[in-house]
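*Asks:* Work the whole structure out from these sequences, hints included.
Note that the protein sequences, when read in sequence, are chains A and B. Per the numbering used here, numbering through the first sequence is continuous, rising by one, with the last residue being 1228. Per the numbering used here, numbering through the second sequence is continuous, rising by one, with the last residue being 1228.
Rather than coming from a laboratory, the hints here were simulated on the basis of the structure. Treat the hints with caution; some may be incorrect.
[As the list claims (entries may be wrong)] Mimicking PhoX-like on lysine-lysine, the simulated pairs with C-alpha atoms at most 20 Å apart in a straight line are: (1) 1022/A with 1051/A; (2) 930/A with 1154/B; (3) 891/A with 891/B; (4) 1090/A with 1022/A; (5) 985/A with 1022/A; (6) 930/B with 1154/A; (7) 1004/B with 1022/B; (8) 1127/A with 891/A; (9) 891/A with 1022/B; (10) 1051/B with 1004/B; (11) 1051/A with 1090/A; (12) 1090/B with 1022/B; (13) 1127/B with 1090/B; (14) 930/B with 985/B; (15) 930/B with 1159/A; (16) 1171/A with 930/B; (17) 971/B with 955/B; (18) 1127/A with 1159/A; (19) 891/B with 930/B; (20) 1022/B with 930/A; (21) 930/A with 891/A; (22) 1154/B with 1198/B; (23) 985/B with 1022/B; (24) 1127/B with 1154/B; (25) 891/B with 1171/A; (26) 1171/B with 930/A.
The structure displayed is predicted, hence computed values, not measured ones.
There are 2 protein chains.
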Amino acid sequence: MTDFSYTVSATDGAARLGQVSTAHGMIDTPAFMPVGTAGTVKAMMPESVAETGAQIVLGNTYHLMLRPGADRVERLGGLHKFMNWPGPILTDSGGFQVMSLSKLRKMTEEGVTFQSHIDGRKFELTPETSIDIQRKLDADITMQLDECPAHTDDKKVIDESMQLSLRWAERSKAAFDDRPGYGVFGIVQGGVFNDLREQSAKGLINMDFHGLAVGGLAVGEPQNVMFEVLDGLMPHMPADKPRYLMGVGTPADIVGAVSRGIDMFDCVMPTRSGRTGKGFTRRGEVNIRNARHADDPRPLDEHCKCPACKNYSRAYIHHLVKAQEILGPMLLTWHNVHYYQDLMWWLRKSIGEGSLDEFIKRFHTDKEDGDIEPLLKER
Amino acid sequence: MTDFSYTVSATDGAARLGQVSTAHGMIDTPAFMPVGTAGTVKAMMPESVAETGAQIVLGNTYHLMLRPGADRVERLGGLHKFMNWPGPILTDSGGFQVMSLSKLRKMTEEGVTFQSHIDGRKFELTPETSIDIQRKLDADITMQLDECPAHTDDKKVIDESMQLSLRWAERSKAAFDDRPGYGVFGIVQGGVFNDLREQSAKGLINMDFHGLAVGGLAVGEPQNVMFEVLDGLMPHMPADKPRYLMGVGTPADIVGAVSRGIDMFDCVMPTRSGRTGKGFTRRGEVNIRNARHADDPRPLDEHCKCPACKNYSRAYIHHLVKAQEILGPMLLTWHNVHYYQDLMWWLRKSIGEGSLDEFIKRFHTDKEDGDIEPLLKER
Chain A
850 MTDFSYTVSA
860 TDGAARLGQV
870 STAHGMIDTP
880 AFMPVGTAGT
890 VKAMMPESVA
900 ETGAQIVLGN
910 TYHLMLRPGA
920 DRVERLGGLH
930 KFMNWPGPIL
940 TDSGGFQVMS
950 LSKLRKMTEE
960 GVTFQSHIDG
970 RKFELTPETS
980 IDIQRKLDAD
990 ITMQLDECPA
1000 HTDDKKVIDE
1010 SMQLSLRWAE
1020 RSKAAFDDRP
1030 GYGVFGIVQG
1040 GVFNDLREQS
1050 AKGLINMDFH
1060 GLAVGGLAVG
1070 EPQNVMFEVL
1080 DGLMPHMPAD
1090 KPRYLMGVGT
1100 PADIVGAVSR
1110 GIDMFDCVMP
1120 TRSGRTGKGF
1130 TRRGEVNIRN
1140 ARHADDPRPL
1150 DEHCKCPACK
1160 NYSRAYIHHL
1170 VKAQEILGPM
1180 LLTWHNVHYY
1190 QDLMWWLRKS
1200 IGEGSLDEFI
1210 KRFHTDKEDG
1220 DIEPLLKER
Chain B
850 MTDFSYTVSA
860 TDGAARLGQV
870 STAHGMIDTP
880 AFMPVGTAGT
890 VKAMMPESVA
900 ETGAQIVLGN
910 TYHLMLRPGA
920 DRVERLGGLH
930 KFMNWPGPIL
940 TDSGGFQVMS
950 LSKLRKMTEE
960 GVTFQSHIDG
970 RKFELTPETS
980 IDIQRKLDAD
990 ITMQLDECPA
1000 HTDDKKVIDE
1010 SMQLSLRWAE
1020 RSKAAFDDRP
1030 GYGVFGIVQG
1040 GVFNDLREQS
1050 AKGLINMDFH
1060 GLAVGGLAVG
1070 EPQNVMFEVL
1080 DGLMPHMPAD
1090 KPRYLMGVGT
1100 PADIVGAVSR
1110 GIDMFDCVMP
1120 TRSGRTGKGF
1130 TRRGEVNIRN
1140 ARHADDPRPL
1150 DEHCKCPACK
1160 NYSRAYIHHL
1170 VKAQEILGPM
1180 LLTWHNVHYY
1190 QDLMWWLRKS
1200 IGEGSLDEFI
1210 KRFHTDKEDG
1220 DIEPLLKER
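*Replies:* Written out as structure tokens, the structure reads:
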């Protein structure tokens, strides 16, 4: 079993081409991790997820601890076996969903108690229990428990929250049981305040995590604010560790963050959009519910090699979505995840060739003039 | 292009092993046709449907004429291309769903007018328009428009309805445009009355359809009543044409009907059950929602070779169904369709080997004593 490691094979400006090695396999970075909330990337067979080029998926500790329960997943052989995903898995700490989904929360220095949104049962999540749950799930990459304040909170609140997250980081790292191929990431907080972000990063660096994540972004702030925070923070991030921007984002968010040195991403956008009739294409987003697609024999994206684009017309997918047929979300989700992996493949290729600037320029070219077409079709 | 044809290669008692040749390929009979109501076998990719061994799927004229519309399907290249199913397709006439789903029906000698259950638009369905819609859909096997009385109606009503269906049969056959590889089937009606069934069959035989269906069964009557009707009717059915029992049924219904000489079946049972948490196994039906499956590491059916059984535990599928994850219906539907095709494969093999009686005996053996286990696992 190899150690958990991160190696950089090329850089292009601040962007890095690299590989993360885990107990369940390698991850080429920059990487996008499809979200498998409750032990399934919604509406996809795991074989199909792998076919898109995805090498790692994300599981949500909050959802899995409530149902089916971490002890049960452990008894059944861990999350890889349970969900038939033999590759690497990253789990979040559960903290973010406790704040956004659960009821009757009580936060203390020790941790947070809350009621399940499913059946009202009471649970406690502390840095130690979160790490223990993620060990039971058998996550290759474990995340520290952090607190996620609202991005509209004032600086004093953000500062205190960031300090609490740092203390929880220390306890999380101490609770993490080092095993070959398994790693734990700290999470930089501090809202939109550069000095707080710097302080958070420096505190975490001292704790020697296997990687650092950036939390508390893509929570409602404009894209330029997110990029400014990254611009201020990235010089303080260690060069020899993977950097993970949590919950991000749109294709343009990802392109901008990769150019600033981010290595890993996750977001529900491609999967959730697939269930609401939206398709990502290199010409922009397509709302397949729109009546203008009803007679369109063309594929969603004529340069895409996913099964939805190879074998079906826009007219057919439009019909499926209007008729609320399950195959609609199945095809759209597959396409969207494939599109995101196409994008990551192209970003990696461009960094390796030192042509990232050119790629970004073409990515932002007017998407109707045809110039964008060859952008992702070579893969 | 080969003609539409049916050949018998072996018989075992009344049961027949045969092949139907159509414009889009061969169908080994006895055959079970998964139902692709609105141009999709719900929750399955068509490649997966083919992987189960299914060679033909059924489309519902009523659903397709309302949405996306027969003209649109024709413009888009026909149903095969539209739904990415290159193999044979049978469409029903639309009559059955008009009776069961639409609103404000008005029946005359000419046909039936009705309002769409989706948007209230008015439609007319006559023997001629039904045939024309099915031609636009490009069905390999077209069904005549018939009337489907309630099985509780008295003999006079059933008789009059059967006579109407015979007149509609004549008009349907006249409207059908003969093309190589395409066929049209007549439908025997007559409820549970042997003399009416005989009269219906004889009337249809004179019209020289490419095959005969048995309609108006599996509509609420007990299984033994259905079998008695078949026992009375089958001696009057032509030996050189395929025989299709519409809307049937449970595995035991199919086994009993095959032994009586039926060649083709369709039913929503495997697909619909897959969306309500039910799995068919050679040990009987499993309700995967039951709490006793929550920790069960075994597959749904240990002898089944479908992806749901090869790669997932009962505990996982239980979790998916409880969490209302789309992958739950996806896996259960795949398994159920695979199970039905396993059953058909075994029935064909047994007829070919002259061992159908032995198979049926084993099929009905106490499903807990282990004797049933090897029944379907050889395929």
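*Asks:* For each hint, tell me whether it holds in the structure or not.
*Replies:* Hints versus structure:
1. As the CA atoms of residue 1022/A and residue 1051/A are separated by approximately 15 Å, the hinted pair is consistent with the 20 Å bound.
2. For the hint pairing residue 930/A with residue 1154/B, the CA-to-CA distance comes to about 18 Å; that is within 20 Å, so the pair holds.
3. A hinted pair counts as satisfied when its Cα atoms are at most 20 Å apart, and residue 891/A with residue 891/B qualifies at roughly 16 Å.
4. Annotation: proposed proximity of residue 1090/A to residue 1022/A holds, straight-line Cα distance about 16 Å (limit 20 Å).
5. Using a Cα cut-off of 20 Å, the hinted pair residue 985/A and residue 1022/A holds, with the two alpha carbons roughly 16 Å apart.
6. At most 20 Å may separate the alpha-carbon atoms for a hinted pair to count; residue 930/B and residue 1154/A meet this at roughly 18 Å.
7. Between the alpha carbons of residue 1004/B and residue 1022/B the distance comes to roughly 26 Å, so the proposed pair goes past 20 Å and is violated.
8. Between residue 1127/A and residue 891/A the alpha-carbon distance is near 15 Å, which keeps this suggested pair within the 20 Å criterion.
9. Between residue 891/A and residue 1022/B, the direct Cα distance comes to roughly 47 Å. Violation of the 20 Å bound is thereby established for this hinted pair.
10. Simply put, residue 1051/B and residue 1004/B have alpha-carbon atoms about 19 Å apart, close enough for the 20 Å limit, and the pair holds.
11. A distance of roughly 14 Å separates the Cα atoms of residue 1051/A and residue 1090/A; the hinted pair therefore holds under the 20 Å criterion.
12. For the proposed pair residue 1090/B and residue 1022/B, the alpha carbon gap of about 16 Å is at most 20 Å, so the pair holds.
13. Between the alpha carbons of residue 1127/B and residue 1090/B the distance comes to roughly 35 Å, so the proposed pair goes past 20 Å and is violated.
14. For a cut-off of 20 Å, the pair hint linking residue 930/B to residue 985/B stands: about 12 Å separates their Cα positions.
15. Restraint check for residue 930/B and residue 1159/A: the C-alpha separation of about 12 Å stays at or below 20 Å, so the hint holds.
16. Between residue 1171/A and residue 930/B the alpha-carbon distance is near 19 Å, which keeps this suggested pair within the 20 Å criterion.
17. Distance check on the hinted pair: residue 971/B and residue 955/B sit about 11 Å apart at the alpha-carbon level, within 20 Å; holds.
18. Among the hinted pairs, residue 1127/A with residue 1159/A is consistent with the structure: their alpha-carbon atoms are about 18 Å apart, no more than 20 Å.
19. With a C-alpha separation of about 17 Å, the suggested pair residue 891/B and residue 930/B falls inside the 20 Å cut-off, and the hint holds.
20. For the suggested pair residue 1022/B and residue 930/A, the alpha carbons sit about 56 Å apart, so the restraint of at most 20 Å is broken.
21. Pair hint residue 930/A plus residue 891/A holds up; C-alpha atoms about 17 Å apart against a cutoff of 20 Å.
22. Between residue 1154/B and residue 1198/B the alpha-carbon distance is near 18 Å, which keeps this suggested pair within the 20 Å criterion.
23. Of the pairs offered as hints, the one joining residue 985/B and residue 1022/B holds, with about 16 Å between alpha carbons and a cut-off of 20 Å not exceeded.
24. As the CA atoms of residue 1127/B and residue 1154/B are separated by approximately 18 Å, the hinted pair is consistent with the 20 Å bound.
25. Taken as a hint, the residue 891/B and residue 1171/A pair is honoured in the structure, with Cα atoms around 14 Å apart against an allowance of 20 Å.
26. A distance of roughly 19 Å separates the Cα atoms of residue 1171/B and residue 930/A; the hinted pair therefore holds under the 20 Å criterion.
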